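Visitor: Residues per chain are reported as follows:
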Amino acid sequence: MVPLSYYLVLSAILFGCGVLGFLIKRNIITIFMSIELMLNAVNLTFVAFAAHWGVLSGHIFVFFVMVVAAAEAAVGLAIIIAVFRTRETLNVDRVNLLKL
Amino acid sequence: MRSLNLWIIPLLPALGAAINGLLGKRFSKRMVNIVALGSTASAFAYALWVALQFRALETVPHIETYATWLRSGQFSVEYGFYLDQLSLVMLLVVTGVGFLIHVYSVAYMEHEGGYYRFFSYMNLFMFFMLTLVMANNYLLMFVGWEGVGLCSYLLIGFFFLRDSAANAGKKAFIVNRIGDFGFLIALFLLIKHFGTLQYNGVFEAVAGMPAETAGAGLLTAIGLLMFVGATGKSAQVPLYVWLPDAMEGPTPVSALIHAATMVTAGVYMVARSNAIFSRAPEALMVVAIIGCLTAIFAATIGLVQTDIKRVLAYSTVSQLGYMFLACGVAAYTAGVFHLMTHAFFKALLFLGAGSVIHALGGEQDMRRMGGLRKKIPYTFWVVTAGTIAIAGIPPLAGFVSKDEILWKTWQYSKVLWAIGAITAFLTSFYMFRLWFLTFFGERRGAEGAEHAGHGHSAPASGHGHHAGEPHESPMIMIVPLIILAILSIVGGWVGWPHALGGNNHFETFLSPVVGASAEMHGGAEHAPAHPASTAAAAEHEPAHGERSMELMLTLASVGIAALGFFLAYLFYYKNPALPKRMAEAAGGLYRTVLNKYYVDELYGALFVRPIVLGSTKILWRGIDATLIDGTINQSAEGAQEASDTLRRMQSGNIRSYAAWVTAGAACVIAYMVWRGLR
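So the protein sequences, as listed, match chains A and B.
Our numbering applies: residue 1 is where the first sequence begins, and numbers increase by one.
Our numbering applies: residue 1001 is where the second sequence begins, and numbers increase by one.
Worth flagging that the hints you see were computed from the coordinates, not collected in a lab.
Do not rely on the hints blindly, as some may be mistaken.
Examples of chain A residues toward chain B, derived with CB under 8 angstroms [what the hints assert, rightly or not]:
| hint | residue |
| --- | --- |
| 1 | F22 |
| 2 | V83 |
| 3 | L90 |
| 4 | N96 |
These numbers come from a predicted model, not from an experiment.
Note that the Cβ used here is the ideal one computed from N, Cα and C, for glycine as well.
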């Protein structure tokens, strides 16, 4: 049996990669993927704890997160396409109309 | 107890004011007249009916309470009316004279703008004045007191396009505020010490207190503060300055508000509070001295004024001084009696002067009048009646009331009597001067005033187009004048003194109001200096010596009046060049009196200028502009600067936001880890 800490460390690494990608990447698609990566790191924590404590609620919560993430992906990609159509770029630094 | 529904009386003019004020703009003049005259006439008729019912009343004072107005703990003020002999007299004077003046105004104001506005204000004034005289507590009286002040302001400034009128209105209002301040403090003292403002409550509480003969105390303080209010409203020294300027208003206003009714409110208040004043001899003494001073002071100014309305204004101030003199020597009935007769003859004189002004197309300067006797005979005869009445020649009204005041004053103090007698002489002189200048000699026209230099020429607006040959006023103006003339002649007979074979019904009638207080202070026997007790004693046992003394004094005052007439005859009819020569001989003194003793200038330098300067320099520029505005502006600028700095955080760069979020999350996690480790 793989101990709980392994899962948690993996999850932390994944989450750190997500944060790092989110912070340093300029391409919206990459940022979006980084967000997905963070979500899945959290999901991994949920299932790891659920297996460790032998309760079901963690698993159920993961399904919820997946559903929301799927919905979010649909909306987010639609937004990205709309942004690309109007501004012809995927660079977030160029999408700054609201900036002072 | 049967209710007389006294509330109807003030309500009628209030309705008239509301209807004319709200809808009058769309009414024809005829409709405005119907509303204004109808409301005052019905108020007068109802007052007459009340007077007829008065004898049948079981209890006097008859108090009607309609509602509780204020309630605060133990203290409560009712909304109710108080009818006794004193308020009945005031009620009849206010509604009667008020109605006559309304009738007169119909013709006088016909060519003026704001016709409906004028009548609305006049009716509103009647409402407040009736509230003042009928209230059953001091607070309701104060409402009327302030209300008449408001109407006075509105009507003085009626021709508000003229700067002098607007300023005169403001002056009247502000000077009255000073007096009202004293009145208000008196009310607070009453609340604090007696816990009530109802007349009967206060008078009952006061009745149990001894006269403050040994030293000034609470009652003296209350009396003096009330008198401060009275000096403002009734134009006594030192607050009289507003009344002469109030002549900027239309003449009927001068007659109604600034001669017959409102300015006598102070006398009414003192007479109403006689229970308090009678127990405060020092306050009474101040009242008497101030009244006496005002009487002679204003009379001397009246001697040299050239504006016909200003002569009458100073005469009013002087006569009000007489009323306070009477109150001050505890002869309240004499004061109220003079109030009534003065209302008749002074309203008559003002309206007569208005008729003269009307006839001359707005001319108010007596130096440009003259020779009007034949041109406007009706006006001449009624003004003659008024002049003789005020000059104190028997058997007209002014003689009876003034003589009674002088007689009561004689019993109190010989010095005050002497000043009062000199004032009577001056009154007779300046009134006959007015009479001769206006009606006798030749019409002097415009050239008469040129050499005099200092002239107060305030052209009454609207009358200008009448210029030309003097013409008699229409009948609707003459009829009220004739009625007032008759009242000025016979009005005094109700109080014909005992010494002349009369029985002074008026004093007997009013005695329950003031007599009650005279007998209430039972301790007065061992206070021989007390004026009320000596006067009362003199009334009850008219010793033979006293009677002949009174006759002597009567003869003396008639002689004084005749002397005034004779001198005026000499100066202004026989030898018209004489006054000018005398004025030149008197030089500085004459100029001082002509300029009203420079009192306005003195007040300007002492109070008005420092206040204006202090307000602009310290309060406005210093405190308001620098401190208050400065604080606000500084804090606004500080907020702007701070937000300008904080704004930089909102860079609009998504990744920097994300970094903030991450940093925040890291902080929270670090904190929780630290908590967990501990």
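Visitor: Any CB of chain B closer than 8 angstroms to the CB of F22 of chain A?
Guide: holds (5 angstroms)
Visitor: Does N96 of chain A meet its interface restraint, that is, does its C-beta lie within less than 8 angstroms of any C-beta in chain B?
Guide: holds (5 angstroms)
Visitor: Against chain B, run the beta carbon of V83 of chain A and see if the smallest gap drops under 8 angstroms.
Guide: violated (12 angstroms)
Visitor: Would the hint on L90 of chain A stand, with a C-beta cut-off of 8 angstroms toward chain B?
Guide: Status violated, d = 13 angstroms.
Going down the numbered hints, you'll see the structure goes against 2, 3, while the others check out.
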